[in-house]
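Undergrad: Just need the whole structure built from these sequences, with the hints factored in.
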Amino acid sequence: MNEDFFRARPTEIARLLIGATLTHGTTSGLIVETEAYSEINDEACHTFIRRHAREFVEKHAPGTAYIYLNYGVYWLANILVQAPDGERGFVLIRALEPLTGIELMKERRKKSKLTDLCSGPGKLSIALGIGPEHHEQDFRGKPFTLSPRSSAPEILTGPRIGISKATELPWRYGLADSPHLSRPFP
DNA sequence: TCGTTGATCGAG
DNA sequence: TCGATCAACGAA
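Take 458 as the starting number for the first sequence in our numbering and just add one per residue.
One should not assume that every hint holds.
To be verified - Quick list of the computed label-pair ranges, beta carbon to beta carbon:
id, residue 1, residue 2, range
1, His-509, Glu-544, 15 to 23 Å
2, Glu-544, Asp-634, 26 to 34 Å
3, Lys-516, Asp-634, 38 to 46 Å
It should be emphasised that the hints constitute simulated quantities derived from the structure, not laboratory data.
Cβ atoms here follow ideal geometry from the backbone N, Cα and C, with glycine treated the same way.
TA: This is the structure:
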């Protein structure tokens, strides 16, 4: 994806990324699930509760990686985005369908079932080797490559997972009928 | 269902 | 300083 791809609202980019391909090193996967977080009217967004996140969006360009440790255990991969009107936010990559480097993913995950490798935000970080060293790195070519989808897929929409605030916003997106989702859609 | 795990933030 | 909270996962 070029730089302009990330110049849109978080919800718009989260939707456009369904069906796109994410590559890191020799591993890659088809994005089947994302969530949008916005600094506008979204209390679940880190910019509402973390000073570091507010500074991050000020200092970095759209397309920059925001990598966050959740529950003291798992690293979650987000992409910083910014619309032309100034609205900024993050897109969380929540699940992938493994495409290449599957043997390496199985080693890293210590799992052999294809649907166990990347079916959650913590799982896919382990499978693709994403960690704290990638915070502030780039989704616009290196180290992470995003390739656009070839055709428009059927996309599901629902409430975001694992949050307690702004639960009414239907900002989770998923590829219809994918067996690689972190959880079914309602 | 339940325990694990550590960065962050606000109250005291 | 202390306690609550948190964009998850695996064991059972």
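Undergrad: Does the structure break any of the earlier hints, and which numbers would those be?
TA: Structure breaks no hint.
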